[in-house]
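Trainee: Listed below, chain by chain, are the residues.
Number of protein chains: 2
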Amino acid sequence: MTRNQLISTFALALTLLNGCASIPPTPGEGTIHLKSVRGFHVSGERVRLSGLPLREVRTNPQAVPRMADPNGDYQVGQLYVQQFSQVSPKGKVPILLWHGGGLTGVTWETTPDGRSGWHEFFMRAGYDTYVSDAVERGRASWARYPEINKVEPEHRTPDQAWEIFRFGPKDGYSSDPAKQKVYPGQQFPAAHIDQFAKQFVARWTTSDVWIQKAYNELVQRVCPCIIIGHSQAGMFVFNAAQAAPDKVKAVIMIEPASALDPAKFSGANVKHIPHLVVWGDNVATDKAWSLYRNNAQRYTSAITAAGGSADTFDLPAMGLRGNSHMVMMDKNSDEVARLVRNWLVKLGFEH
Amino acid sequence: MTRNQLISTFALALTLLNGCASIPPTPGEGTIHLKSVRGFHVSGERVRLSGLPLREVRTNPQAVPRMADPNGDYQVGQLYVQQFSQVSPKGKVPILLWHGGGLTGVTWETTPDGRSGWHEFFMRAGYDTYVSDAVERGRASWARYPEINKVEPEHRTPDQAWEIFRFGPKDGYSSDPAKQKVYPGQQFPAAHIDQFAKQFVARWTTSDVWIQKAYNELVQRVCPCIIIGHSQAGMFVFNAAQAAPDKVKAVIMIEPASALDPAKFSGANVKHIPHLVVWGDNVATDKAWSLYRNNAQRYTSAITAAGGSADTFDLPAMGLRGNSHMVMMDKNSDEVARLVRNWLVKLGFEH
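Protein sequence lines, in the order shown, are assigned to chains A and B.
Each residue of the first sequence is one higher than the one before, counting from 1 in the numbering used here.
Each residue of the second sequence is one higher than the one before, counting from 1 in the numbering used here.
I should point out that these hints are in silico values taken from the structure, not numbers from a laboratory.
The model shown is predicted, which means the values in this text are computed figures rather than measured ones.
One copy or two, it doesn't matter: identical chains are merged, so the pair holds either way.
Below, in silico cross-link-like pairs of lysine-lysine (DSSO-like), each with a Cα-Cα straight-line distance of 27 Å or less:
# : residue 1 : residue 2
1 : LYS346    : LYS271
2 : LYS35     : LYS92
3 : LYS247    : LYS271
4 : LYS90     : LYS35
5 : LYS331    : LYS35
6 : LYS247    : LYS35
7 : LYS179    : LYS287
8 : LYS247    : LYS90
Taking the hints into account, I'd like the entire structure generated from these sequences.
Mentor: Here is the structure:
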């Protein structure tokens with residue numbers, strides 16, 4: 001980050017933290033008035049398998065055994081989305097919530113220590129919302145391997161996540177809170193690491209094309225919208241805005257693990273779309289996250305260079321210390337949600 | 001079904017179909033007033049793997065390649081549940097919705113042809129609800145194989161489902177609605193078979209113990225309650241009521257694929273819990289479903305023999321023809337939901 005960018009971030013931070021008359025009150029325990037709650041799949045294709053041997057299946061001890069034929073049609077490449085429609089939306093457009101790698105839409109729900117999550121926060125603020133499980137995650141279902149997916153998936157352990165998500169140093173993981181090593185002032189509720197690890201799902205590193213296609217179709221179907229993405233969703237969100245610059249009205253990326261190469265994607269294409277990138281603590285001392293932050297910075301700089309608006313919330317520079325990669329689950333998750341919402345309010349996204 | 005049982009079913013059906021003053025109006029397009037929407041995992045255990053080789057992973061083209069260590073802790077055996085809490089519940093206790101085999105909680109959401117599902121129906125009727133994904137399905141996540149699960153999972157095709165779910169005769173499946181062979185008067189929206197097939201998820205036939213344990217823990221945590229289950233959930237629901245006869249206040253099984261052996265489970269244990277079993281059309285001519293219906297009948301007969309209450313809705317005998325195994329997705333799904341709700345109303349489950 002350059003000195004000027006840092007100063008602009010500070011100035012924005014002070015304005016937001018001081019609050020102002022136009023910012024509505026923080027969503028509390030009030031009622032959520034919904035017109036409907038729907039769940040459905042978007043995108044995907046039909047793949048027909050043949051030549052596989054039959055095998056005997058007995059689905060439960062009382063079931064009639066049958067020779068199951070695995071040959072036939074498979075629906076693959078679809079994503080799952082849950083749509084919450086407000087009776088009287090206060091948000092002028094819906095918010096789409098796109099999770100990160102090895103995770104699902106549960107990212108945005110109740111935090112591992114049992115607090116209200118970002119999805120509920122933005123519903124209480126009055127936005128229509130769409131919470132998705134990307135292709136092959138959660139309710140989206142996954143395509144069998146090796147017949148359709150050619151490789152086996154990755155399974156993340158909390159041992160791995162500990163360092164990657166910056167809860168603490170390498171080998172700092174323990175399921176026993178008394179033995180855990182966390183970074184000073186850590187905001188992630190690390191004592192509840194077991195509950196968090198229950199959210200982990202297998203991921204394929206080969207399905208980006210399917211995922212992007214499905215997200216682009218979702219945008220065509222339900223936008224205009226604001227997209228809030230996390231981590232792996234970086235390239236999916238930035239790409240979606242490039243692919244539908246008339247449909248995506250704001251981009252908010254929480255710790256993007258990938259961005260777009262400004263040599264291949266023009267910042268001018270999306271200069272009318274306000275972008276916001278949010279970073280937690282302990283990024284600069286982490287080799288991988290420093291690189292990812294630089295990638296994001298390089299891309300958003302191309303947007304500002306083209307005359308567009310791209311803000312960065314560097315949380316520690318704004319006085320919020322100790323945030324992990326899982327900002328929306330951290331102990332101060334509501335505080336960060338308020339900053340994000342206030343950014344939207346100032347841009348006129350609420351009635 | 002004996003002649004007397006048939007007559008009693010008819011009599012009940014006529015009462016319900018005629019309606020009566022005490023039955024509240026059908027939920028329409030009114031607002032759903034929610035206090036909160038939560039999502040979390042219940043049950044599960046920690047399994048530690050060791051001795052597996054490292055492998056190089058690059059999660060996306062821009063990511064720093066890393067040697068991933070698959071050794072470490074895994075959380076397995078948990079189920080996922082989404083909790084919708086009404087501001088002023090009209091239902092005296094919440095409804096838990098438990099899906100069938102190879103499926104997830106999406107079963108109860110929007111139907112494949114885009115209509116409102118049973119979950120929305122019961123939310124509009126004013127019940128608190130809990131919609132789960134059983135262990136290894138959807139957002140519950142699945143345990144890696146062969147290291148934790150010893151066998152590979154089953155993947156269902158729409159070709160298989162066509163006959164098993166009684167949409168039409170064996171080999172009647174086609175993705176092209178013009179080429180499909182359906183049973184006369186079929187209520188399943190077969191033209192939308194692709195959208196339905198997107199809901200299919202892999203299943204393990206070896207995880208019943210985990211699933212039952214997780215469901216029993218869910219009941220301890222969130223009940224007293226009514227449980228509505230489908231298909232594979234039969235034994236899970238009937239077992240849950242036997243295991244917690246003080247917590248489960250009503251059991252509603254839609255086409256249970258399994259029941260309990262009355263030689264091992266006493267009907268007297270649950271005689272104070274009203275049971276309802278619902279069956280669609282074309283059951284008697286299907287070998288497997290005839291057997292499953294007999295199993296359910298044998299178990300519920302043990303409940304009535306002990307002086308308890310166990311009703312059967314044989315939908316074709318009640319004048320509703322053409323229902324498939326996926327009653328909650330059929331074209332007349334709202335009509336069946338109303339019958340089920342009216343059964344609850346008559347038992348005094350609504351304020």
